[in-house]
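Both chains are sitting in their own frames, so use the hints and assemble them into the complex.
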Amino acid sequence: MADSPEKRGRLGRIWNWIWTPAVAFSSGFLILAGFLAGILFWGGFHWTLELTNTEEFCTSCHTMEVNLGEYRETIHYNNHSGVRAICSDCHVPHEWNHKIKAKIMAVKDVYHELAGTISTPEKYEAHRLSMASAVWKKMKASDSRECRNCHNFDYMDFTIQETRAASEHQRAIDNNMTCIDCHQGIAHSLPSDYLEEYQKVTDELAVETSGTQSHQVADGSEEIRSFLNKSAD
Amino acid sequence: MLELLGTIGANIISLPGILGLALGMMTRRLWLGGLMGAVVGVLETVIFAHWNFGNVAMVELLIAVVIGLCAGTLGSVIRIKGTTV
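Going line by line, the protein sequences match chains A and B. In this text, residue positions in the first sequence follow the UniProt record's numbering: the first is 1, and each later residue adds one. In this text, residue positions in the second sequence follow the UniProt record's numbering: the first is 1, and each later residue adds one.
Okay, chain B solo, but in the shape it has when bound (with noise of 0.2 Å):
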């Protein structure tokens, strides 16, 4: 339970969470700013493993892709409510 929150946290205010978020506040559409914050999401698991698939752990992976989606339709919903262009 502590593993899963930590993991959680950490990919919070990691790239899934600020990167995501960023990049789906470039978008009005939800579903392009969700894909963009899952693709971070995967990019930094990756990123963490060292490019080696063989130490991508499959939670922590699903974790931040869940984290990253969230992060990014939350960027694209800020876009919507926040500007008027």
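Here chain A stands alone, though its shape is the one from the complex (with noise of 0.2 Å):
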């Protein structure tokens, strides 16, 4: 008998207990058991996954000191409320599908660190300008997503703000712009021809998705960024 349970290897004998009914262990052990194991799990895996997030976790990799450094320079990291968005409050969704997308994509990251493509600061403006336009280009099709977990247009109040933001503002709600057409610097040096390669990434994604072109990059995004960098100071 080729199946007989002496002949069986260990993985034959594994496999048969699994898919065996048990006769020891009652249906109410069972699915306590099961769901005790799923808390464990699913809190060990939900734990594993927030540690991933956390700024020292981003940072751990040599090849990204340059864009910390850069971002220690901005508002986003020290400013007069002592709110701090780290870099997962902007680079991972927080909606569960979206998030564990964006973590398996990640996995290109290690990719790189281990192969170099950025280890110097040569290298890393080398492929500044590819970079942010990935990131762009997320941030334009999720309709600036991570941004709007924090700043939402309804909860503006222009009154206080200053009036060319105010301004700003306003004709972002009116021509349905989103917070990367005129923020793409916000945290990041930005690469030279920045303001090209974004036109580019709408209008590719504008192709994609209406099958037309449109124009919606600030005339002044230099300037905004400068401002809100000062106001950092």
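Possibly wrong hints are sitting among the right ones.
Simulated DEER-style distance windows between Cβ atoms [to be verified]:
1. A/I160 to B/L43: 38 to 44 Å
2. B/L43 to A/D203: 30 to 36 Å
3. B/M58 to A/H127: 30 to 36 Å
4. A/H151 to B/L5: 26 to 32 Å
5. A/N53 to B/G82: 32 to 38 Å
6. A/F35 to B/M58: 21 to 27 Å
It is worth saying that the hints were derived from the structure and are not from the lab. Beta carbons are placed, not taken as given, at the ideal position from N, Cα and C, and that holds for glycine.
Right, dumping it as structure tokens:
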């Protein structure tokens, strides 16, 4: 007999054990044990996932030193209110499905850390435009979803904003624009030719979604960025 | 490619994968298990698009439905193989 218990290998016996009805345990015991094991597994999984959202984890790689330094000069790191947005607040979605997708896609960062793609300042600068472009594309496509975890046009009181900021935000609402259309360099230095690249990103996305091209790039995003950085000082 | 893998992985450990499997385990009919999983895939995509069909990306919807279908069918197979009733 080919499948007699004596002739089965270790894997075969485990397979057989898995599919044989339990006779030593009651249904209640199995349900309760499965429930508790599920809580432990899910709690551990979620806790580990949250650990990968900390600033210490994100900046533990050598290649993150450049953008960490840039970020520390911005209003999102240091400001009068004491509220800080760390890496994951801008780069990791809150909603489960989008979060897991981002985490799986972040495997490429580990690969590039090991491959040394941006291991020197020169290499970093050479890739700055393409890295920024990838993030802008994601943010534009998601209507700046991660920005909107904290910022929302509906919660803004334009009367206590600077006149120029209030006017630009009103223009953004009127023209159905999104945060990243103006605030491209909000946390990291901008590469040269960034406006042309951003226009290319918006054009590509417009073609992908509706087959039309749109022109939603702020005229003075460099000014906005320097204004916000001055506020951080 | 990475985008595709990310979407597939996210759906496997999200509603289509987990709830689809659980619903599939409630029936011995493979088609019904698959159907329930596929419905979960549609619902999940619409929920994450905040009930706005304009925000639904067809590729994401397709992947969610396929993952739900597979998970539901697998659930039914587990039910057939793993139970005596």
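Hints, verified against the model:
1. Separated by about 42 Å at the C-beta atoms, A/I160 and B/L43 satisfy the suggested range of 38 to 44 Å.
2. With their beta carbons about 34 Å apart, B/L43 and A/D203 fall inside the hinted range of 30 to 36 Å.
3. Distance hint check: the CB atoms of B/M58 and A/H127 are about 31 Å apart, consistent with the given range 30 to 36 Å.
4. The hint said 26 to 32 Å for the Cβ distance between A/H151 and B/L5, and at roughly 31 Å that hint holds.
5. A C-beta distance of roughly 37 Å is found between A/N53 and B/G82, which places it inside the suggested range of 32 to 38 Å.
6. At roughly 37 Å, the beta carbons of A/F35 and B/M58 sit outside the given window of 21 to 27 Å.
Taken one by one, the earlier hints fail for this structure only at number 6.
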